Amino acid sequence: MIPRPARLRLLVSPSSAHLPSLTVSRPFTRKLSSSRSDNGELKIAIIGSGPSGFYTASRILNSIPKDTPNGDNVQVHMYERLPTPYGLVRYGVAPDHPEVKNCQHKFDELSSDPRFKFFGNVLLSSQPSSSQTESTPSTALSPYTYPHAVRLSFDDILPYYSTLILTYGASLSNPLSSVSGSSSSSNPLKNVLPALGLVSWYNSHPAFSDLPINLEGIEEVSVIGQGNVALDVARILLKPVKSLSQTDLSDDVLDVLSKSTIKRLRVVGRRGPGQVAFTTKEFREMISIPNVSYKGVNQDLMEQAKDMVGNERMRKRLLSLMEKPVSNDQGDKEFILDFLKSPKGFIPSSRDRSKVGEIEWNINQLLSTTPSTPTPPLSQVSAVPSGNEVIARTTGETVTQQADLIVESVGYRSEPLTGEHGGWVLPFDVKRGRVRNVSGRVVDKDGVVIPGIYAAGWAARGPVGVIASTMHDAYSLSDQLLDDHFSNPSSTSGPLNPNPEQGIPEALTKAQRQGGIVVDLEGWEKIDNAERERAKIMGNGKEREKFRKVEEMLAVLS
Amino acid sequence: MSRSSVNPLRPLSVLKHSRPISSKILPIPSTSRNPTSPFVRSSFIGLSARSRGLHTTSVRSHGEITRPAPGTGIKVHFKDAKGNNVKTIEGNEGDDLLSLAHEYDVDLEGACEGSVACSTCHVVVDPEHYDMLPEPDDEENDMLDLAFGLEDTSRLGCQVKLTKELDGMVATLPSATRNMYVDGAKARTH
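So the sequences go chain by chain: A and B. Residue numbers for the first sequence follow our numbering, so the first one is 333 and each next one is one higher. Residue numbers for the second sequence follow our numbering, so the first one is 1297 and each next one is one higher.
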């Protein structure tokens, strides 16, 4: 995952809502203060409270401070289907990277702004709120349907807002449905898991707390894919459990990890060492695990990779690190990087036909293409999933290896947020698995901009980049949105209301009257405190003992 | 290691220009490429010396700064990518550039709050003063690898600690450039 630059300043879009060819222009503040005084109310619903959501909210509210002319014209309501905010910062960032979680302070700062409201435990979809059934996408792995959440449809809330921002991330796994025995195939085998499931499970995401993970008897693990998620999974599975005991992994999870009998873990890519998507920091951590040995990379492959990456700083440094074997005296576990292999089929174990036992791999060769379109900057190369320059093509040869556990780490996709019936439907690009948008402006199926609707973060761009890139994306989007709203208002109105109704949506208050629980900032604070209190009582030295069930979270509030 | 001064906006052309590629890599005709493959549109975000009151009360706990009496501290000039002075500030020995930027409302992010887990506080130091700094360690270099607009004298602001000899140092905030991955389709209005 790749950070983008720190700070973005002035971003001014051209005067139409066309594809922004951004130019530097008049200072932003002047434009805001001289903007229309007739309406101009900016009442925003943000769907999703992960980093793209809270960075967007923060940027917008901080760009128009309360004591400025438009300050009282701005309101931000954030909807989240879980009772807890922070999204992937809480449920995706590795438990042994607590420093990365510092960015959640940006969300905490929002609580001091009276123009900001948080509605946790509220699930938005196109489905009418009267309907209580919810189909689960087949790639979701977990059949969890957020049964405790208050359900609202877009039609319930759109009249209350001038602007809608989709920042709900990517919560489904990319399928390997053509691979027999994979988790998304018609004959899924036990011990084959999407990385999303495993990561969400160890981070105590309520939708995955019942995932049947058992590492007893598992010796050989293959992780398919070579991004930072693959290395996160590898690290959590190989690290001595005692080095994780002070993290926010729950005791239940630590208990499962402590029974692991894993001896060897392969992280396998379809291409070569020059095309890995993980970053140096994450790899350096792998080879620093005390009881794990690493044999390096086949020399021919390495030479070829070095030719390919040339003088590119990041890849050069990474390759030189990947090249060196790390032998460890106490090394009772082995970490392997494997290349030029794509899964052909997952084969049942001979002892138990319901479980996986082996993988049959297709052996690949690399093909180069000449870039005919501009390619991303160097610092973004590994953030681009397609890999335009080097592709893998199967040679027809195959090889079979033992695999007691397979983790499919081949990317995420967003949920469509549609229902079976419904009113307004969020435009969704099914093929790409994200909200249909051009540079953050949501467009309909004909590519026409829908005024006032935006998307940021993984729901807009796909699941690439670290928090810094998400932050940057959120800031750019916010600036673009403010410019659209105050300087270049659209002459047409979409499904939103240019003169939004006051207050919070009636459907939300009605649901509360009927017993639905909406978690506001105060409610979240109670849950947060209860988790910290639990850790204190258990005396395990952790900052918090996460609740793994929504019921437990909501019980704190009653 | 030496830091190559790559231009991050330059297309990656290692393969196009590289030496004969080993036999395992076979060129395929460019016509077989997916015509809808994403392209990148690079755009420019201007930098200007202006405070929009972006800093609310910080909850960062590290790097508490005491401002020296004016004229007595170590001077640091923060500049934007075009070389315009953003702000000249004064700090004490041991202060780091990220904390100083926050103290003086210079627009430098610090998403991980100085724990070398992101590259959002990247600055480019003037060469003269860069040479006076201790070498960046592996962890800092790992993060710099991911920074935008990396230059030979790039550092993470949180890792640059002031000493007396750094008086007059210039720290340039790199140009923030957004790259939008658009899908080839142009957005249209009615």
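Honestly, the hints are just simulated from the structure, not real lab data. All of these numbers come straight from a predicted model, not from anything done at the bench. A hint or two may mislead.
Claimed, not checked - BS3-like mimics (lysine-lysine), calculated; alpha carbons at most 27 Å apart, straight line:
| # | chain 1 | residue 1 | chain 2 | residue 2 |
| --- | --- | --- | --- | --- |
| 1 | A | K613 | B | K1457 |
| 2 | B | K1383 | B | K1457 |
| 3 | A | K595 | A | K574 |
| 4 | A | K398 | B | K1457 |
| 5 | A | K595 | A | K433 |
| 6 | B | K1457 | A | K433 |
What the hints assert, rightly or not - Here are some chain B residues the structure puts well away from chain A; computed CB gaps all over 12 Å:
| # | residue |
| --- | --- |
| 7 | E1405 |
| 8 | G1406 |
| 9 | P1423 |
| 10 | H1425 |
| 11 | D1463 |
| 12 | G1464 |
C-beta atoms are modelled at their ideal positions from N, C-alpha and C, and glycine is treated no differently.
We went through each hint and held it up to the structure:
no.	hint	result
1	A:K613 - B:K1457	holds, 23 Å
2	B:K1383 - B:K1457	holds, 18 Å
3	A:K595 - A:K574	holds, 17 Å
4	A:K398 - B:K1457	violated, 35 Å
5	A:K595 - A:K433	violated, 31 Å
6	B:K1457 - A:K433	holds, 24 Å
7	E1405	violated, 4 Å
8	G1406	violated, 8 Å
9	P1423	holds, 18 Å
10	H1425	holds, 20 Å
11	D1463	holds, 25 Å
12	G1464	holds, 23 Å
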